Amino acid sequence: MGETLLEVRDLKVHFDTPDGVVKAVDGVSFTVERGETLGVVGESGSGKSVTFLTAMGLINRKSAHVEGEILFQGRDLLQLPTDELRKIRGNYMGMVFQDPMTSLHPMYRVGDQIVEAIRAHEDVDKDKAMEQAIEMLDTVGIQQPDERARQYPHEYSGGMRQRAMIAMALSLNPHLLIADEPTTALDVTVQAQILELMDRLKSEFNVGVVLVTHDLGVVADVAQKVMVMYAGRQAELGPASKVFEQPLHPYTWGLLESIPHVDTKGTRLVPIEGSPPSLIHVPPGCAFHPRCPHRFEPCDKEVPDLKDRGGDHPDACHLSIEAKRTKWAEREARRRKATA
Amino acid sequence: MRKRRLPLVALVLAVALFAAACGGSDNDNDEGTSGTGEGQTGGTLRVETDGFGWSNAFDPTGEYWGVAWSYYRNLLTRTLVTYRNTVGAPGNEVVPDLATDLGQVSDDGKTYTFTLKDGIKFGPPVSREITSKDIEYAFRRIATKSLVAQYAAYYTGTIEGLEVGAMPDHISGIETPDDKTIVFHLTKDTPDFLFRLAMPAAGPIPEEVGKCFTKPGEYGRYLISSGPYMIEGSKDLDISSCDSMKPLEGFNPDDHLYVERNPDYDPATDSKEDRANYFDEMTIDLNTNPKDIWNKIQAGELDAYTGSGTPPPDILKRYSTDSDLKDNLKVSPEDRTWYLTMNLGVAPFDDIHVRKAANLVMDKDSLRRAWGGEIAGDIATHLEPPSMTGGTPTAEEYDPYPSDNFAGDVDAAKEEMKQSKYDTDHDGMCDAPECKGVLTINRNVPPWTDMEPIVQQSLAKIGIEVDIREQTPDAAYTTIQTPAKNIPLGMNPGWGKDYSDPDTFVGFLFDGRNIAATGNYNYSLVGLTADKAKEVNFSPASGVNLGDIPSVDSDIDKCLDTAGDARNECWIALDKHLSEDVVPWVPYLWANVVTIISDAVTSWDYDQASGTTAWSKLAVDPSLQK
Amino acid sequence: MARYIARRLLWVVLVIFLITLITYFIFFKLPPTDPAVRFAGKAPTPEVIEEVKKSFGLDKPFYVQYGLFVKHLFLGDQYGWPGFGFSFNTRSPIKEVLFDRAFVTMQLALGAAVFWLVLGIPIGIISALKRGTKIDRAVMGFALFGVSAPVFWLGLMALFIFWQKLHIIPGSGYVPFSESPAGWFGHMLLPWIVLSLLFAAFYARMVRGTMIETLSEDYIRTARAKGLPERTVIRKHALRSSLTPVVTMFGMDFGTLLGGAIITESVFNLPGLGTYALRSAVEGDLPVILAVVTFAALAVTLLNLVVDITYAYLDPRVRYS
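If you're matching them up, the sequences are chains A, B and C in order.
The first sequence runs contiguously to residue 340 in the numbering used here.
The second sequence runs contiguously to residue 626 in the numbering used here.
The third sequence runs contiguously to residue 321 in the numbering used here.
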C-alpha cells in the first residue's frame with residue numbers, strides 16, 4: 001500500500017506492581033501503512049491499548065519497563081526526548097479514546113478544546129484556529145458547527161462527542177489516527193456512523209488508522225489488516241480478508257463465534273470458556289492453552305512465536321496447518337448446523 | 001449645729017486595722033509605703049482588663065461596678081465628700097472633697113449643709129465653676145425612673161421628697177440657696193449619710209450635657225469630668241446642641257477607656273495626699289486573653305491590671321518567692337466575706353444545733369487552701385470583715401467556733417449535733433433522712449469546685465451528706481435568691497460592702513423585711529414571718545416551724561439610729577448575735593485583692609473604699625517601661 | 001440566573017429568620033438567669049429590675065420582642081439601618097461596633113485565607129505530583145500536624161516563642177492599618193499564620209486528593225494526547241477540575257470565619273466578632289449575641305450563594321434555572 005507510518009518491533013511493556021511484574025505487552029511487532037486501517041482485537045487486558053498508549057507516550061515511563069522499538073516514520077519514539085514526542089503527539093499522531101463522555105474536559109467549550117490542540121502545534125491566532133476547529137466539526141458531520149463549538153461537552157450526545165473527539169484528533173492533519181475502542185460506549189446505530197465516518201476520513205485525509213477494539217465484528221467492515229492479541233502477545237496478524245476467511249488461532253475462532261451475525265440469526269452465541277489470565281502469572285507455554293479446547297502436548301510448555309506456520313498469514317499456534325483447517329471447518333459446520 | 005463625728009474609725013484604730021489587714025498573711029509587702037513616697041510625675045500608665053463589667057455603661061447615676069467606682073473616685077468624678085484612696089482603715093475614712101468640710105449637721109441629725117470650695121470646675125468642654133445646682137441635678141437624675149439609678153434606695157426615703165419617678169424639677173429635701181451652698185433635709189437621723197454622699201451617683205453632672213441623655217447608661221460615653229483627669233477627646237465634644245454630641249473617642253465601653261489630665265482641675269482645691277495625680281495619661285484596654293495580660297505585666301510591656309481577676313498560681317508563686325519580684329506583688333484586704341449560707345427555713349438547717357455543728361466542723365483552713373492559701377485572705381470567724389467595724393474583732397479576738405488551725409473541731413461539733421432533733425440517737429451524727437442528700441448549690445468554676453470535697457468531707461463527719469449541684473455563677477445566685485426553691489445550702493455566695501458601714505453588710509443582708517420572691521439577698525431567710533413567707537411563695541416542709549426563725553430587724557434599726565462609736569459597738573454586737581444565736585452562715589474567708597505590677601510603677605496604693613487599685617496614687621517611670 | 005438568585009435570596013431571608021428565632025428563643029426565653037438582673041447592679045430591688053427590663057424591652061411578651069427585633073433588622077431602628085439595637089453592657093448601639101469588629105475579623109480571615117491558599121494549594125499539588133516520594137510524605141506529615149495541633153496551643157506557643165523569647169513579633173492586640181501599617185502587619189502576622197495552618201493543612205490534603213483523582217481522568221489523557229505541554233495539562237486541565245471543590249470549601253470556610261474566629265481572636269486579643277460573641281455570651285449581653293449570630297448567618301448563607309453562583313461559572317455542567 002503506501003508508506004510505512006508506524007513500525008513496532010518486539011515491544012515489551014512491563015509494569016512493576018506490589019503483586020509482581022505485569023507483562024502487559026510481551027513482544028509485539030507490526031506495521032501500519034498510510035491509507036490503511038489496522039484492526040487490533042482482543043479481550044480487555046490483552047495489551048492492545050497499552051501498546052498504543054506506549055506509542056503515544058501516554059504511559060507512566062517511571063513505573064514501566066519498555067523494551068523494543070516504536071518507529072514512527074523512521075524515528076524511534078521510545079528514544080525521543082519528551083518534548084520531541086509531545087510535538088509528534090497530536091500533530092502527527094492523533095488519538096481517540098473509548099469513552100467520549102469522560103474524554104473531553106467537562107469545563108471547557110468543545111471548540112476551545114480543539115483550538116487548544118491546534119495552537120499547541122501551529123502558530124495561529126485564536127480566531128483562525130477556531131475557524132479550523134469549526135471546519136473540522138463540520139467535516140465530522142456535526143450540524144451547525146459554529147454554534148456547537150461554543151457548547152460544552154455535556155450539551156453533546158455521546159455520538160457527537162465522539163465525532164468531536166475525532167475532529168480534535170484530526171484537526172492537525174495527523175498521519176496516523178489511533179482509535180482506542182471508539183465505539184464501545186455508543187449505541188449500535190451511532191457505532192456504525194462513527195465507523196463509517198472514520199473510514200471516510202481515512203480516505204479523505206489519507207491517514208493510517210489503528211482501530212483498537214474487543215469486537216471483531218467492528219473491524220470486519222473497515223479494517224484492511226487485523227491483529228489479534230491475547231495476554232500481551234499476538235495470536236495472529238494478517239490481512240482482514242484472510243483472517244476472517246481462514247482464521248488460524250483457536251482464540252480467533254472463539255472471538256468469531258462470539259460475534260452475532262446477521263446470517264446466523266438465532267444461533268446461540270458461543271462464549272469463550274474461562275477468563276483472561278492474570279498478566280502477572282501468565283500460563284506457561286501458549287498463554288491461551290488453559291482455555292483452548294484443542295490444546296495438546298507442547299502447548300503448556302513451549303511459547304509459540306508469531307510466525308508463518310504454513311497458513312497465508314502469521315499466527316502463534318502450535319497446531320499444524322492441517323489441523324487448523326480441519327478444526328475450524330468442523331466448528332463452522334457445527335455452528336451452521338445449529339443455526340439450521 | 002454640731003460637727004458630726006464620723007461613725008467609723010478613730011485614727012488610733014486605723015493603725016491596728018492596718019496591721020490586721022496585712023498581718024494575716026506572711027508576705028511582708030508593705031502596701032502602704034509605696035503610696036506614701038513621692039512618685040515621678042508624667043508618663044502613661046498602661047493598664048489592661050480582661051472584661052469591663054459595667055452594670056450601667058459607666059453612667060455614674062446607675063453604675064454599680066466597684067472597679068468603675070475606682071475610676072470615678074481616683075480620676076474623673078469628685079463628690080462633696082470622698083475617700084483618701086489608700087489602703088486599710090484610712091482608706092475607708094470620709095474626707096471633704098468638693099465641700100470645704102464634712103458638712104454642718106443639725107442637732108437632730110436631719111439637716112446637712114455643705115459649702116463648695118472655690119475654684120472647682122468641670123473639665124472641658126464645659127469648663128465652668130461647679131455649683132450646688134450641678135449636685136442637685138445629679139440627685140434629680142437619681143430620682144428619674146427611666147435612668148435606673150441602681151442604688152437609689154440609699155437616697156429614697158432618706159432625703160426628703162426624693163422619690164423615683166419622672167424627673168423632678170426640684171427635690172424638696174435639697175436646697176441650693178446659692179451656687180456655693182447645698183442643704184440636704186433628711187427624713188430621719190442617718191448617721192452614715194456621708195458615706196452615701198461619697199457614692200459616685202452623687203457627683204456633680206452639668207445639666208446642659210446630662211439633659212441630652214435620657215436612657216440608662218447613655219451618659220457614660222459623654223461623662224464630663226470634675227476630677228483631676230478627663231476622658232480623652234473631651235475637648236472635642238461639641239455641646240452646642242444635643243445632636244452635635246458624639247461619643248468621646250477616649251471611651252468605648254467595649255474596648256478601652258483612656259484618660260488624660262483635666263486642664264480645668266486645680267490641685268489647690270484637692271489634697272495631694274489623697275489624689276497624687278502623678279501620670280499624665282492612663283490607658284485601659286480590653287484584652288480578651290487574661291494570661292496575655294499577666295504575661296505582659298511580667299514582661300514590663302504593661303504596668304497594671306484592672307478588673308476582677310487574679311494572677312494565675314504559677315505567677316503568684318514566682319512573685320511571692322522571687323525577692324526581685326516581691327515588691328511587684330500587691331496583696332490588699334478587700335472588705336468582703338466568702339461564706340456558705342444555710343437556710344433557716346429548710347431542714348436540717350432549721351435546727352440551730354445543726355448550723356452550729358456545721359460551723360464547728362468545717363475545715364476552713366482547707367477551704368482557704370482551695371483559694372490559694374494565705375495569700376487569698378484571712379480566715380473568717382464571724383460575719384463581717386473586721387475592717388467594717390473599726391478593725392475589730394479580728395479572727396484572733398473573736399471566734400465563736402474555734403478549732404486548731406481552723407481545721408474544724410469534730411468533737412465539739414458532735415457535742416452540738418447531739419442536741420439536735422435530727423440526731424435521734426444522740427451520738428453526734430445526724431441520722432434523720434433530712435441529712436441525706438442535702439441539696440447544695442455551687443458555682444461551676446474554681447476555686448468553688450475545689451471546695452466541694454472539703455465541704456463534703458467536713459459535713460460527713462457529723463452525718464450530713466450533701467448533694468452538690470454546680471451552676472454558672474449567675475445561675476447559682478439566681479437559684480439561691482429564689483426562696484421558693486427551698487435550697488438548704490449554698491456554697492457560692494460572697495458579699496462585699498458598698499461603703500464601710502455595716503448598713504451595707506449585715507444591716508442589709510439580714511433584714512427580714514427585705515426578703516423578696518426573686519433577687520432575695522437574705523438567702524438564710526433570717527426574720528422570715530408567716531406573712532412574708534406567703535408573699536414570697538415560700539412553703540416550708542412539714543416539721544419546719546417558721547415561728548422558730550429569729551429576727552434581727554429591731555437590732556438593725558437600733559444600730560441604724562445610733563451614731564459614732566456606739567454605732568460601731570452596736571454593729572459588732574449584732575455580728576456576734578448573728579454568729580452565735582442565729583448562725584445563718586459558715587463564713588470562711590475575708591478575701592484579699594491580689595495583683596501584680598511592672599517595675600515601671602514607682603508608686604502604688606490600694607483604694608480600700610473601692611476595693612481595687614488606687615489609680616490616683618500610681619506613678620510610672622517611663623524609662624523603665626518596655 | 002436572576003430568578004435563581006432571587007429565589008436563593010429569599011431562602012437566605014428565611015434562614016436568617018429561622019436562625020434568629022431559634023437564637024432568640026434560646027437566649028431570651030430559656031436562660032436560667034434573668035438578663036436584666038445582671039445589668040441592674042449588685043443588689044437590685046424589684047423596682048430597679050423592672051425598670052431595667054423596661055429599658056431593655058424585656059417587659060414585652062416574647063412574640064412582640066421578637067417581632068420588634070425582626071422589624072428593626074429589616075426596617076432599621078433609632079440608630080439607623082440595619083437595626084441591631086443596643087448592647088445591654090454598653091448601652092450603646094451595636095451596629096457600629098459590630099461592623100468595626102466584623103472589619104477586624106475580615107482582615108484576620110482574609111489574611112489567613114491568603115496564607116492558607118498560598119500554602120495549602122501548591123503543597124497539595126506538589127504532593128500529588130510527587131506522590132509517594134519523600135517530599136509527599138514530608139508534606140503530608142506537616143498536614144497531619146497542622147490538622148491535629150489545636151489553635152489555642154499553637155497560638156500560645158507562637159506568642160511565647162516569637163514574642164516573649166525572640167522578641168521579633170510585637171505581641172498580641174490589634175493596631176489599625178491607618179495607624180501604623182507596620183504595626184498592623186506585625187500584629188496580624190501570627191494570627192494569620194496560626195489560623196491559616198489548620199486550614200492550609202486541610203486544603204493541602206484536599207487538593208492532593210482531588211488532584212490525584214483528576215490526574216487519572218480520561219480528559220487529562222486526552223489533553224496529553226493532544227500534545228499539550230505537561231505544564232498546560234496540569235495548570236489548565238487538572239487544576240481547573242481539582243480546584244472546583246476547593247472553591248466550595250473555601251466559600252463555606254471563609255463564611256464561617258467571617259462569623260468570628262473565637263479562639264484565634266481570644267488568644268491574640270483581636271477585637272473581632274468571635275471575642276465579641278464570646279464575651280457577650282459570658283456577660284448575658286443578649287442583643288449582641290443575636291446581632292453576631294445574625295451577621296454570621298448572613299455571612300455564611302450569602303457566601304454559600306456566592307459559591308453556588310461561582311460554581312456555575314466554574315463548572316458549566318452546573319446551571320441554575
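Mixed in with the good hints there might be a few duds.
Stated by the list, open to error - As a list, the in silico DMTMM-like pairs of lysine to aspartate or glutamate whose alpha-carbon atoms are at most 20 Å apart:
#1 B:K145 / C:E96
#2 B:K246 / C:E230
#3 A:K62 / C:E230
#4 A:K87 / C:E230
#5 B:K246 / C:E96
#6 C:K29 / B:E249
#7 C:K236 / A:D125
#8 C:K95 / B:D474
#9 A:K62 / C:D34
#10 C:K54 / B:E218
#11 C:K95 / B:E218
#12 B:K485 / C:D34
#13 C:K236 / A:E122
#14 C:K95 / B:D255
#15 C:K42 / B:E249
#16 C:K95 / B:D243
#17 B:K532 / C:E96
#18 C:K42 / B:D474
Unchecked claim - In silico negatives: residues of chain C with every beta carbon more than 12 Å from chain A:
#19 A138
#20 I263
#21 Y313
Unchecked claim - Example chain B residues on the side facing chain C (calculated, C-beta under 8 Å, incomplete):
#22 T144
#23 K145
#24 T214
#25 R221
#26 Y222
#27 G250
#28 T288
#29 D292
#30 G300
#31 P433
#32 E470
#33 D474
#34 A475
#35 T478
Keep in mind the hints are simulated off the structure, nothing from the lab.
Given the structure is predicted, the values throughout are model-derived calculations rather than measurements.
Every residue gets a Cβ at the ideal spot worked out from N, C-alpha and C, and that includes glycine.
Now the hints, each set against the structure:
no.: 1; hint: B:K145 / C:E96; verdict: 28 Å, violated
no.: 2; hint: B:K246 / C:E230; verdict: 63 Å, violated
no.: 3; hint: A:K62 / C:E230; verdict: 15 Å, holds
no.: 4; hint: A:K87 / C:E230; verdict: 12 Å, holds
no.: 5; hint: B:K246 / C:E96; verdict: 13 Å, holds
no.: 6; hint: C:K29 / B:E249; verdict: 35 Å, violated
no.: 7; hint: C:K236 / A:D125; verdict: 19 Å, holds
no.: 8; hint: C:K95 / B:D474; verdict: 27 Å, violated
no.: 9; hint: A:K62 / C:D34; verdict: 71 Å, violated
no.: 10; hint: C:K54 / B:E218; verdict: 15 Å, holds
no.: 11; hint: C:K95 / B:E218; verdict: 16 Å, holds
no.: 12; hint: B:K485 / C:D34; verdict: 16 Å, holds
no.: 13; hint: C:K236 / A:E122; verdict: 19 Å, holds
no.: 14; hint: C:K95 / B:D255; verdict: 15 Å, holds
no.: 15; hint: C:K42 / B:E249; verdict: 28 Å, violated
no.: 16; hint: C:K95 / B:D243; verdict: 19 Å, holds
no.: 17; hint: B:K532 / C:E96; verdict: 48 Å, violated
no.: 18; hint: C:K42 / B:D474; verdict: 12 Å, holds
no.: 19; hint: A138; verdict: 20 Å, holds
no.: 20; hint: I263; verdict: 37 Å, holds
no.: 21; hint: Y313; verdict: 10 Å, violated
no.: 22; hint: T144; verdict: 10 Å, violated
no.: 23; hint: K145; verdict: 6 Å, holds
no.: 24; hint: T214; verdict: 10 Å, violated
no.: 25; hint: R221; verdict: 6 Å, holds
no.: 26; hint: Y222; verdict: 11 Å, violated
no.: 27; hint: G250; verdict: 14 Å, violated
no.: 28; hint: T288; verdict: 4 Å, holds
no.: 29; hint: D292; verdict: 5 Å, holds
no.: 30; hint: G300; verdict: 11 Å, violated
no.: 31; hint: P433; verdict: 29 Å, violated
no.: 32; hint: E470; verdict: 12 Å, violated
no.: 33; hint: D474; verdict: 4 Å, holds
no.: 34; hint: A475; verdict: 4 Å, holds
no.: 35; hint: T478; verdict: 4 Å, holds
The structure fails hints 1, 2, 6, 8, 9, 15, 17, 21, 22, 24, 26, 27, 30, 31, 32 (numbered hints given earlier, in ascending order).
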